[in-house]
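Asker: Sequence:
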Amino acid sequence: MPQKSTETTPSPTAVGYVRVSTKQQGESGLSISAQKRQIRAYCKKQGLRVKKFYTDVASGSTGIGERSQLDLMLSELSIGCVVVVSKRDRLCRDMLISLMLEKEISKVSCSIHSCESSEMNGDDATAELMRNIMSSVALFELKRIRKRISEALQE
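Heads up: the sequence shown begins at 1 in this note's numbering, then just goes up one per residue.
Treat the hints as calculated values from the structure; they're not laboratory data.
Since the model is a prediction, treat every value here as computed from it, not as a measurement.
Backbone N, C-alpha and C fix where the C-beta goes; we use that ideal spot for every residue, glycine too.
Careful: at least some of the hints might be erroneous.
30 angstroms max Cα-Cα, derived DSS-like pairs, lysine-lysine [what the hints assert, rightly or not]: (1) K45 to K87; (2) K107 to K36; (3) K87 to K36; (4) K103 to K45; (5) K45 to K107; (6) K87 to K107; (7) K52 to K103; (8) K52 to K23; (9) K51 to K103; (10) K147 to K87; (11) K44 to K143; (12) K36 to K51; (13) K87 to K23; (14) K51 to K107; (15) K36 to K52; (16) K23 to K36; (17) K23 to K147; (18) K107 to K52; (19) K103 to K87; (20) K143 to K23; (21) K23 to K51; (22) K87 to K51; (23) K87 to K143; (24) K87 to K44.
FRET-style restraints, in silico, Cβ to Cβ [what the hints assert, rightly or not]: (25) A152 to S61: 14 to 22 angstroms; (26) E151 to T22: 13 to 21 angstroms; (27) K143 to K45: 27 to 35 angstroms; (28) Q69 to S136: 23 to 31 angstroms; (29) L96 to A125: 19 to 27 angstroms; (30) S150 to D123: 32 to 40 angstroms; (31) S109 to E155: 22 to 30 angstroms.
Model the full assembly from the supplied sequences, consistent with the hints where possible.
Answerer: Here you go:
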């Protein structure tokens, strides 16, 4: 009689990327903790094992090469790993940078998943369209934030 194998297939791996915009947010840790909780819950639901978190305190408009933890994450990605963010704008708020990051991540057969919107996760045309729309909205939001800050400083 054949014996059942007791070996289990390991869960696919994921890394979490967390970003806050200000030093104050970074020091308080509240937003960082909330993002990590969202990522852990998403990964559990998707059957992904979180291998590591990378956390930056930087503006969403800073690019590749300007965020130490983002750069480290990119250098440490292993084939088939899923990069999980709580929201796409945590990865970046600039559409060009977003497209560059997607390309870099896909070079090692990895993908990006957002906890907030499963419609953007995947390689199909609809997911790509949704990502591009949301990247445009994030850039619009960034410009509005900058304008409000500028106006407040002039008062």
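Asker: Compare the structure with each hint and give your call.
Answerer: Hint check results:
1. At most 30 angstroms may separate the alpha-carbon atoms for a hinted pair to count; K45 and K87 meet this at roughly 16 angstroms.
2. For the hint pairing K107 with K36, the CA-to-CA distance comes to about 25 angstroms; that is within 30 angstroms, so the pair holds.
3. The hinted pair formed by K87 and K36 meets the criterion: a straight-line CA distance of about 11 angstroms does not exceed 30 angstroms.
4. A C-alpha spacing of about 26 angstroms is found between K103 and K45, which places the hinted pair at or below 30 angstroms, so the restraint holds.
5. Using a Cα cut-off of 30 angstroms, the hinted pair K45 and K107 holds, with the two alpha carbons roughly 26 angstroms apart.
6. Between K87 and K107, the direct Cα distance comes to roughly 22 angstroms. Compliance with the 30 angstroms bound is thereby established for this hinted pair.
7. Under the criterion of a C-alpha separation no larger than 30 angstroms, the hint pairing K52 with K103 is consistent with the structure, at around 21 angstroms.
8. For the hint linking K52 to K23, the alpha-carbon distance of about 22 angstroms falls within 30 angstroms, and the restraint holds.
9. Note on K51 and K103: the hinted pairing holds, with a Cα-Cα distance of about 22 angstroms set against a maximum of 30 angstroms.
10. With a C-alpha separation of about 22 angstroms, the suggested pair K147 and K87 falls inside the 30 angstroms cut-off, and the hint holds.
11. Taking the CA atoms of K44 and K143, the gap is near 35 angstroms; set against the 30 angstroms cutoff, the hint is violated.
12. Under the criterion of a C-alpha separation no larger than 30 angstroms, the hint pairing K36 with K51 is consistent with the structure, at around 12 angstroms.
13. The hinted pair formed by K87 and K23 meets the criterion: a straight-line CA distance of about 19 angstroms does not exceed 30 angstroms.
14. For the given pair, K51 sits about 20 angstroms from K107 by alpha-carbon distance, which is consistent with the 30 angstroms threshold.
15. Restraint check: the Cα-Cα separation between K36 and K52 comes to about 10 angstroms, which is no more than 30 angstroms; the hinted pair holds.
16. A C-alpha spacing of about 18 angstroms is found between K23 and K36, which places the hinted pair at or below 30 angstroms, so the restraint holds.
17. Restraint check for K23 and K147: satisfied, since their Cα atoms lie roughly 20 angstroms apart, inside the 30 angstroms limit.
18. Annotation: proposed proximity of K107 to K52 holds, straight-line Cα distance about 20 angstroms (limit 30 angstroms).
19. For the hint pairing K103 with K87, the CA-to-CA distance comes to about 18 angstroms; that is within 30 angstroms, so the pair holds.
20. The suggested pairing of K143 with K23 holds, with an alpha-carbon distance near 20 angstroms, which does not exceed 30 angstroms.
21. Distance check on the hinted pair: K23 and K51 sit about 25 angstroms apart at the alpha-carbon level, within 30 angstroms; holds.
22. Pair hint K87 plus K51 holds up; C-alpha atoms about 19 angstroms apart against a cutoff of 30 angstroms.
23. Between K87 and K143 the alpha-carbon distance is near 18 angstroms, which keeps this suggested pair within the 30 angstroms criterion.
24. A threshold of 30 angstroms between alpha carbons decides the hint, and for K87 with K44 the separation of about 17 angstroms falls inside it, so the pair holds.
25. Between A152 and S61 the CB atoms are about 19 angstroms apart, so this pair conforms to the stated range of 14 to 22 angstroms.
26. Against the hinted window of 13 to 21 angstroms, the Cβ-Cβ separation of E151 and T22 comes to about 18 angstroms, which satisfies the hint.
27. The hint said 27 to 35 angstroms for the Cβ distance between K143 and K45, and at roughly 34 angstroms that hint holds.
28. Separation of Q69 from S136 is about 25 angstroms and conforms to the stated range, judged on CB atoms against 23 to 31 angstroms.
29. Range check, L96 to A125: about 20 angstroms between beta-carbon atoms, so the 19 to 27 angstroms window is met.
30. Judged by the Cβ atoms, the range 32 to 40 angstroms given for S150 and D123 holds: they are separated by roughly 39 angstroms.
31. Between S109 and E155 the Cβ separation comes to about 51 angstroms, which falls outside the hinted range of 22 to 30 angstroms.
Violated hints, in rising order: 11 and 31; the structure is consistent with all others.
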